[in-house]
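All chains should be built: construct the whole structure from the sequences, respecting the hints.
Protein chains in written order, with our numbering: chain A, 1 to 114; chain B, 1 to 114.
Hints are computed from structural coordinates only; laboratory data are not their basis. Yeah, the Cβ is synthetic: ideal placement off N, Cα and C, and Gly gets one too. Worth double-checking, as some hints may not be accurate.
Examples of chain B residues toward chain A, derived with CB under 10 Å [said to hold, decoys possible]:
no.	residue
1	28
2	31
3	52
4	63
5	64
6	84
7	94
8	111
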Amino acid sequence: AQTVTQSQPEMSVQEAETVTLSCTYDTSESNYYLFWYKQPPSRQMILVIRQEAYKQQNATENRFSVNFQKAAKSFSLKISDSQLGDTAMYFCAFMKRRAQKLVFGQGTRLTINP
Amino acid sequence: KAGVTQTPRYLIKTRGQQVTLSCSPISGHRSVSWYQQTPGQGLQFLFEYFSETQRNKGNFPGRFSGRQFSNSRSEMNVSTLELGDSALYLCASSLWTTQADEQFFGPGTRLTVL
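Dropping the structure here:
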């Protein structure tokens, strides 16, 4: 069975700063996806970024980038130039390829302060 | 293109009753997954349907069941409600092709069991 661990329950930074959220996972699978989802107070789950395990290049989406270390089973999210709208719960998630079953970490509550 | 819709958005039931939640996926999406979100257990996978067939099931008791219709709309049912069933129930849909396994979430149904 796969497990996902987010070791930072809460984080808080000032607007415009850079913040990194940590995630580690455990799996014996070789083909899988990793995701970061954002859940703002509205509770709507929004996909932030995805990474295919077979791709060595780290995924990037505007201010969001990941540091994917496959051997270490680590998948951290970096948010650059943080904005007030980035305030949310962030969940790291694992999905075995074509299994359509997400395994989530416990989440990190991120607060961006003005 | 309209997103995933879930009805109702809020529901209050009493112990012992049963409840049915509905999910309409994004047009063209054939896979629908259900998740339960609670403060204590976090996000947990319930089940996934594809072409009216349950393909994956999480570790939940038989009181939790679901189905999918020919138009890909899905329902989940919880019978003999318990206080611990109070949760946010999230539905997600996926196109399910070799390039697009990501799941898009609905706004959720908040179930309160009294």
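Hint check results:
no.: 1; hint: 28; in the structure: violated (15 Å)
no.: 2; hint: 31; in the structure: holds (5 Å)
no.: 3; hint: 52; in the structure: violated (15 Å)
no.: 4; hint: 63; in the structure: violated (20 Å)
no.: 5; hint: 64; in the structure: violated (15 Å)
no.: 6; hint: 84; in the structure: violated (18 Å)
no.: 7; hint: 94; in the structure: holds (6 Å)
no.: 8; hint: 111; in the structure: violated (13 Å)
In the structure shown, a violation is registered for the earlier hints numbered 1, 3, 4, 5, 6, 8, in ascending order.
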